[in-house]
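Here the protein sequences come in this chain order: X and L. Under the numbering used here, the residues of the first sequence are numbered 1 to 192, in order. Under the numbering used here, the residues of the second sequence are numbered 1 to 245, in order.
These aren't lab readings, by the way, just hints derived from the structure by calculation. No residue lacks a Cβ here, since even glycine has one placed at the ideal position from N, Cα and C. Please note that a few of the clues may not be correct.
[Unchecked claim] Quick list of simulated restraints, FRET-style, between CB atoms:
1. Ala237/L - Ala146/X: 28 to 38 angstroms
2. Pro204/L - Asp24/X: 24 to 34 angstroms
3. Glu140/L - Pro70/X: 15 to 25 angstroms
[Stated by the list, open to error] Here are some chain X residues the structure puts well away from chain L; computed CB gaps all over 10 angstroms:
4. Gly3
5. Asp94
6. Ser122
7. Ala166
[Said to hold, decoys possible] Facing chain X, a subset of chain L residues (Cβ under 10 angstroms, in silico):
8. Pro66
9. Val146
10. Lys149
11. Thr219
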Amino acid sequence: MTGLPLTPSQTVGPFLSIALPWPDGPTVVPEDTPGAITITGRLLDGEGAPVPDALIETWQADPDGRFDHPDDPRGAPGAGTAFRGFGRCPTGPDGSYHIVTLRPGALPSPDGGREAPHLDVSVFARGLLDRVVTRIYFSDEEEANADDPVLSAITDPARRGTLIAAAGADDKSRFQFTIRLQGEHETVFFDV
Amino acid sequence: MTTHPPSPPAGLILPSYERPRGLHPPLDSPGYRSTALRAPSQPPLMIPQGLTEITGPALGEGRVAPADADLTTQHAGEPLGERISVTGRVLDSDGRAIPDTLVEVWQANAAGRYQHVVDNHPAPLDPNFSGVGRCVTDSEGRYRFVTIKPGAYPWRNHPNAWRPAHIHFSLFGRAFTQRLVTQMYFPDDPLFEYDPIFNSIPDPQARQRLISRFDINLTEPDWALGYEWDIVLRGSAGTVLEEQR
């Protein structure tokens, strides 16, 4: 163990959109994939104003709760289940973003419990000197959410509610997830 | 709702990553005005590193062409400015190389202007320079870009505010925990002491780690100056951090 000193973070600045967005960034899976869901929302600042120069990134398990990654001790997902798991979307002039993906499965946690289906989210923006990290859970997973160790650690129901994407009233494949960086109803952010 | 719920295998043992303290800039850094309405007011909640955090995407394949690493050959003509190469290794703090990981860069042109609609600095655009590059690290974690040295540019943070010349870097590493976006600077820039973004890093020694090193041996005769800059991402928990002193 050499203990090399770490490289510190700096802001993405106002011009990230020349480099980081990809044409297929928001589509973790093609929109016509069976079972695809769309998560939409806005990124808002401390005055409730849209943040138009940000990037939202998501990372998640596949629908079976698997990761195609060497550090997942359960091994690789089954053949034919290739899934990028990663999404990225710049915010628009109204602070909006969208991600088209498949619902992640539940996960075992190291302490023997279970994590409810969720996406990890990174937010990058001008004015953020480091990314902020949050999670998207799903409003129609009440039972799994009740047992989730991360959600359970948040005692204030209003704070916990900031992490739960609301299913559309008519279209159950559409979810709404607003991210408030600061102030009233501020989203819960995590130190991972 | 899953038909095959994964059952927790006995003794699910995952790697764990160090959590740097006092390394990154505080999100609320008043000297950088744009933090005022964007920095969360609540401290982040520490959560265990589970499967989602210790894994991450494998990106790059099919997304990066060899030419993407040479920002001087992306147009019909050559960009104006001082041609340079920038190389280094992506490592973790355990000293392990991180191979096959995507590195994305963006920067201003030699005159200090970005190819971006919002950049209204009255300096010339260069039709032969987009200022965007990407590559994937090799088996030793090494990346290399050929580009031109970016210019300093003014911004409106405070009167007579200028950013030191820099290249933005985006790194993924191998896990969600390691994701990092930062900026690389050039040696001996007179603007360092005036820049609230550079100085937002609390530890002056840590700031120095964002400054690349000029290397005559990486400099190609009659062609391009060479700079070297290594990037160190979070390693395993238990590493004794200089920052924790």
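_Hint check, failures only_ = Those not satisfied are hints 2, 4, 6, 8, 9, 10 and 11.
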